[in-house]
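Now for the letters of each chain:
Number of protein chains: 2
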Amino acid sequence: MKLKKKERQEKLKEMIEETPFITDEELAKTFDVSIQTIRLDRLELSIPELRERIKHVANNNWNETLKALPIDEVIGEVVNLELDNLAISILDIKEEHVFSRNMIARGHHLFAQANSLAVAVINDELALTANAEIYFTRPVKAGERVIAKASVVGHDKKRTVVEVKSYVNSEVVFEGKFHMYRTTERKS
Amino acid sequence: MKLKKKERQEKLKEMIEETPFITDEELAKTFDVSIQTIRLDRLELSIPELRERIKHVANNNWNETLKALPIDEVIGEVVNLELDNLAISILDIKEEHVFSRNMIARGHHLFAQANSLAVAVINDELALTANAEIYFTRPVKAGERVIAKASVVGHDKKRTVVEVKSYVNSEVVFEGKFHMYRTTERKS
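Here the protein sequences come in this chain order: A and B. Numbered by the UniProt record's numbering, the letters in the first sequence go through residues 1 to 188 in order. Numbered by the UniProt record's numbering, the letters in the second sequence go through residues 1 to 188 in order.
This is chain A alone, in the form it adopts within the complex (with noise of 0.2 Å):
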């Protein structure tokens, strides 16, 4: 059953507060309304999209620069970025990413979103995996968006360990522990 204006906007507010990846597509089958009333539930609501809404997620000055790789060698938009810390990135999964079988996302694009991502943190030079645990936790179809969040989680000298998560909309599609050497010890 479809809701009434006021009470589908104030619901729409607070699931876009609980999981702020959602996408306009996934509201608007939620509420079964068009993808353009969300759009303009989202103006009256002051809500900007969810490009803006992951911007603003983790406080995000993403005045750091990338240390361990030039920008454009990231896999994915890299849209937050503090370094040694957090690290979050887009990746829209589009034909050239599938299988041309199933239209299921091939594992190592979404691999290559979170390495790369995992590279991306490390305030060093030089960064490169050493080893990796990965979990491919439900299949990505392509139209779908990956977002993910990589966390460094522990260090020793040479060796950081960075957790990476990818999501679509709310739910968990890749996991992967990523451990990384770097040339330089930290300084911390």
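Because the hints were derived from the structure by calculation, they are not lab data. Misleading hints may appear alongside valid ones.
Note that the list lumps identical chains together, so a pair holds whenever it fits in one copy or between two copies.
In silico DSSO-like links for lysine-lysine, alpha-carbon gap of 27 Å or less [as the list claims (entries may be wrong)]: (1) Lys158 with Lys141; (2) Lys67 with Lys141; (3) Lys157 with Lys141; (4) Lys157 with Lys67; (5) Lys165 with Lys177; (6) Lys2 with Lys177; (7) Lys2 with Lys165; (8) Lys29 with Lys157; (9) Lys5 with Lys94; (10) Lys4 with Lys67; (11) Lys177 with Lys158; (12) Lys4 with Lys177; (13) Lys157 with Lys2; (14) Lys13 with Lys29; (15) Lys165 with Lys5.
Add chain B to chain A, keeping to what the hints say.
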């Protein structure tokens, strides 16, 4: 000190028998002669070139047909395939595969070669990676040739474990254990 031709050819033959994946470049370096000399040695000794040797190693029929994906979706060139048993592929590392800064191959390309080979070896219409543990054991540089060997090492009803080892010459550069979903139960 350079060896005499006859001595060199004897040692060359031994070396190729021991490490069949060794390249002409590597042999030239070892014996301190030109690559052209190695080629002539091989001709005189009737030792086929590397690509042919690789095809030969696993008493290759390679009459088998990939089930889980079309051949052009495998990253690297498949040179051997025995479904649900063994697959081998070659990937030449070029400039597009490396970090611009240090010419070291990016992890996701080695991963893509290994992972797509793990898919290819599965005798099923659908194979998806569930999870994996992976190790990058030494950096690979532009110009190097990576030979990946995928072996099926275990099964339960709906999962198949595939181990992949990737080599440059006789050195292991990547190791991975891939746990693969398949749609149908294995006939055995």
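Structure-based check of each hint:
{"no.": "1", "hint": "Lys158 with Lys141", "in the structure": "between (37 Å within a copy, 22 Å between copies)"}
{"no.": "2", "hint": "Lys67 with Lys141", "in the structure": "between (32 Å within a copy, 21 Å between copies)"}
{"no.": "3", "hint": "Lys157 with Lys141", "in the structure": "between (39 Å within a copy, 25 Å between copies)"}
{"no.": "4", "hint": "Lys157 with Lys67", "in the structure": "within (18 Å within a copy, 46 Å between copies)"}
{"no.": "5", "hint": "Lys165 with Lys177", "in the structure": "both (9 Å within a copy, 20 Å between copies)"}
{"no.": "6", "hint": "Lys2 with Lys177", "in the structure": "neither (42 Å within a copy, 49 Å between copies)"}
{"no.": "7", "hint": "Lys2 with Lys165", "in the structure": "neither (33 Å within a copy, 55 Å between copies)"}
{"no.": "8", "hint": "Lys29 with Lys157", "in the structure": "neither (48 Å within a copy, 36 Å between copies)"}
{"no.": "9", "hint": "Lys5 with Lys94", "in the structure": "neither (34 Å within a copy, 56 Å between copies)"}
{"no.": "10", "hint": "Lys4 with Lys67", "in the structure": "neither (50 Å within a copy, 51 Å between copies)"}
{"no.": "11", "hint": "Lys177 with Lys158", "in the structure": "both (16 Å within a copy, 25 Å between copies)"}
{"no.": "12", "hint": "Lys4 with Lys177", "in the structure": "neither (44 Å within a copy, 53 Å between copies)"}
{"no.": "13", "hint": "Lys157 with Lys2", "in the structure": "neither (57 Å within a copy, 44 Å between copies)"}
{"no.": "14", "hint": "Lys13 with Lys29", "in the structure": "within (15 Å within a copy, 67 Å between copies)"}
{"no.": "15", "hint": "Lys165 with Lys5", "in the structure": "neither (34 Å within a copy, 58 Å between copies)"}
Hints 6, 7, 8, 9, 10, 12, 13, 15 from the list above are not met by this structure, while the remaining hints are.
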